[in-house]
Amino acid sequence: MVTCPGAGAAGLARHDGVAIAYQVIGPSGPWLVLVHGLGYGRRGWGPFATMLANSRRVVLVDNRGIGDSDCPPGPYSVDQMAGDVVAVLDDIGIGSCDILGASLGGMVTLQVTAAHPERIRRMVLIAATPGEPQGAPMPDNTTALLRGHVRVNNESTARKLIEGALAAQTVATRPELVDCLVDLHNEQDQAPEAWRSQAAASAGFTLRRTLRTMATPTLAIAGTDDAVIDPANTIALAFALPDARAFFVAPAGHLCFWEEPELLAEAVHEHLDASRPAEAGESGA
Amino acid sequence: MTALQSFFVTTPGPRLHVLAGGEGATVVCLVHGNLSTARFFEPLAADLPPSWRVIAPDLRGFGRSEAAPVNATRGLGDFADDVARVLAGADIVPDGQPVHLLGWSMGAGVVMRYAIDHPGTAASVTLVSPLSPFGFGGTRDLSGTLTYEDGAGTGAGTVSAELVERLRSGDASDASPMSARSLLRNLYLKPPYRLAAELEDALVDEILATAVGEANYPGDHLPSGHWPGVAPGTTGVVNAMSPLYCDLSDFSAAASRTCTLWVRGRDDQMVADRSMLDLAVLGELGLVPGWPGPAAFPAQPMVSQMRAVLRRGEQQGGKVVESVFTNCSHSPHLEQPERFRQLLVSFVSAAAAARW
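The listed protein sequences derive, respectively, from chains A and B. Going by this note's numbering, the residue at position 93 of the first sequence is 93; the numbering climbs one at a time, nothing skipped. Going by this note's numbering, the residue at position 258 of the second sequence is 258; the numbering climbs one at a time, nothing skipped.
Watch out, some of these pointers could steer you wrong.
Unchecked claim - Stretches of chain A that chain B covers, calculated by requiring three or more beta carbons in the stretch to come under 8 angstroms of a beta carbon on chain B:
no., stretch
1, 78-86
2, 222-232
Unchecked claim - Interface residues of chain A toward chain B, partial, derived using beta-carbon atoms under 10 angstroms:
no., residue
3, T50
4, P175
5, E176
6, L177
7, V178
8, A238
9, F248
10, A250
11, A252
12, E259
13, A267
14, E270
Think of the hints as simulated: they come from the structure by calculation, not from any bench. This structure is a prediction, so every number in the text was calculated from the model and none was measured. For each residue, glycine too, the CB sits at the ideal point set by N, CA and C.
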């Protein structure tokens with residue numbers, strides 16, 4: 001079975017009257033905040049979060065609309081959700097930290113960094129897009145899903161969506177992983193309205209800040225077989241952000257951190273542990 | 001579907017065989033590695049965008065190109081010159097137009113050499129299962145420090161005599177693990193994956209077209225007082241890859257002015273931090289007697305050396321896209337062709353649109 005992060009220090013931040021739940025795992029080390037995508041709460045990282053927490057204090061956030069966070073009426077926006085993450089940083093008392101976001105969480109990560117560059121040391125984007133025009137268009141199936149033309153209200157629909165977020169080869173060869181993700185979906189029991197409120201944030205996102213002006217060192221990760229968000233976005237992000245590299249894992253889909261957690265964790269640790277000459281000087285190393 | 005045409009480039013220097021196709025404005029040059037030819041790119045080239053023009057030479061002494069001698073003391077310089085001659089002489093690339101370079105294995109080393117020797121001409125660089133920038137075998141750390149000053153344990157003298165003999169006699173069977181067909185199946189690819197029989201037969205014939213001898217494959221060798229008793233000579237392919245002569249660490253400067261796609265298979269047995277062809281690893285496994293131990297002769301950290309050179313390029317402003325293909329050995333473009341093609345097309349398209 002898949003190991004999920006165990007119970008650690010949990011907290012509740014407030015942003016505009018909305019309670020945002022979070023949990024800290026990992027005994028010590030630099031702060032890393034994880035921001036998840038559409039329909040996934042803090043348990044939705046699986047073994048990947050545990051691997052990251054072996055040398056860091058990892059903050060797992062329940063976005064508004066899922067888990068123990070409030071589910072105010074939607075639609076939500078990436079701006080709001082970025083404010084939620086900043087509220088979590090404030091609640092813990094984190095001045096600056098590393099941040100990692102997947103999919104919708106990648107949009108939130110870009111927005112947090114765009115709005116508060118001084119609080120973000122390094123950033124990791126997984127299966128992310130800056131939205132058009134800086135990014136590639138969403139695939140038609142994803143647009144239909146986000147605009148609510150596909151109803152996500154039963155297990156068979158959920159299973160189809162999960163399978164579509166994995167590489168075809170993963171679905172064919174690892175049925176136990178698909179089952180695990182379906183179980184996770186059922187356990188999370190997200191209200192359909194809350195899902196739609198989050199989906200609206202994804203559908204409406206356009207990063208207003210020009211990527212070329214964002215100097216935060218960045219690792220942009222994608223699965224080669226991602227059918228939900230065009231992996232060409234990951235190259236676009238790496239090319240446009242001044243200090244960025246792309247990392248692809250093949251074959252893997254939108255949920256590449258579930259499919260190849262060791263490879264991704266290794267790349268993330270390397271990126272976050274690297275220090276520029278300036279940083280090394282600041283820390284006295 | 002791009003049909004490749006076969007022709008020869010004759011000016012000046014050795015007569016070189018080239019496969020080329022497409023008529024688009026994006027020029028992509030594909031450079032094969034050791035014991036392979038341009039034909040190994042045929043499945044890839046057959047399905048590239050119509051806006052691309054593809055050109056793939058057989059390097060000297062491989063495939064149908066002339067077996068001109070390889071001056072190993074120039075490292076991969078002779079091969080990089082072959083590429084330059086093809087690009088200049090094939091009447092395909094307008095003068096001064098940057099070219100997207102792709103090299104596989106030793107060919108990636110050739111592409112790095114070309115990019116170092118011709119600054120500003122690479123529109124992008126794709127390194128597929130690249131030879132370490134410090135060559136093959138015989139270096140001990142991330143900065144490529146020679147294990148022995150005479151390059152002992154690297155070069156032509158380390159190549160299996162049986163392999164050389166089977167190449168010379170044209171053995172197309174799979175009777176021995178040292179036959180071309182067995183190498184293709186077990187080292188180039190990750191078993192149980194197999195190429196279609198017709199393609200496999202064609203590529204075995206391509207390997208068997210290699211010019212065997214002291215001037216080409218594998219080259220000459222010298223005695224050494226160090227383990228395992230042989231050092232590189234001065235001619236031939238395998239000596240050209242010896243760290244005694246092959247130093248591509250300046251590629252970091254070339255990489256700082258362009259974008260680089262690095263593709264590798266997670267299960268690659270040949271280029272790895274513990275390569276199954278590294279004498280240090282073979283010695284540790286007891287397959288080469290008398291190994292002096294990890295302090296005297298450590299395994300070469302090939303992948304980590306490549307990463308270190310690319311990181312330096314990034315720190316000076318270059319862009320790197322790194323990718324790991326799981327369940328894949330040394331030949332991602334043959335083992336996972338569709339996925340490789342999509343990644344390459346995304347990368348080259350983005351690189352062509354970017355300004356460097």
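Against the structure, the hints come out as follows:
1. 78-86: violated (count 0)
2. 222-232: holds (count 4)
3. T50: 20 angstroms, violated
4. P175: 17 angstroms, violated
5. E176: Given a least distance of 17 angstroms, the restraint on A/E176 is violated.
6. L177: This interface hint is violated because 14 angstroms lies over the 10 angstroms limit.
7. V178: Status violated, d = 18 angstroms.
8. A238: Constraint on A/A238 satisfied, holds at 6 angstroms.
9. F248: 4 angstroms, holds
10. A250: 4 angstroms, holds
11. A252: 8 angstroms, holds
12. E259: Because about 9 angstroms separates A/E259 from the closest Cβ in chain B, which is inside the 10 angstroms limit, the hint holds.
13. A267: At 8 angstroms from the nearest chain B Cβ, A/A267 passes the 10 angstroms test, so the hint holds.
14. E270: 9 angstroms, holds
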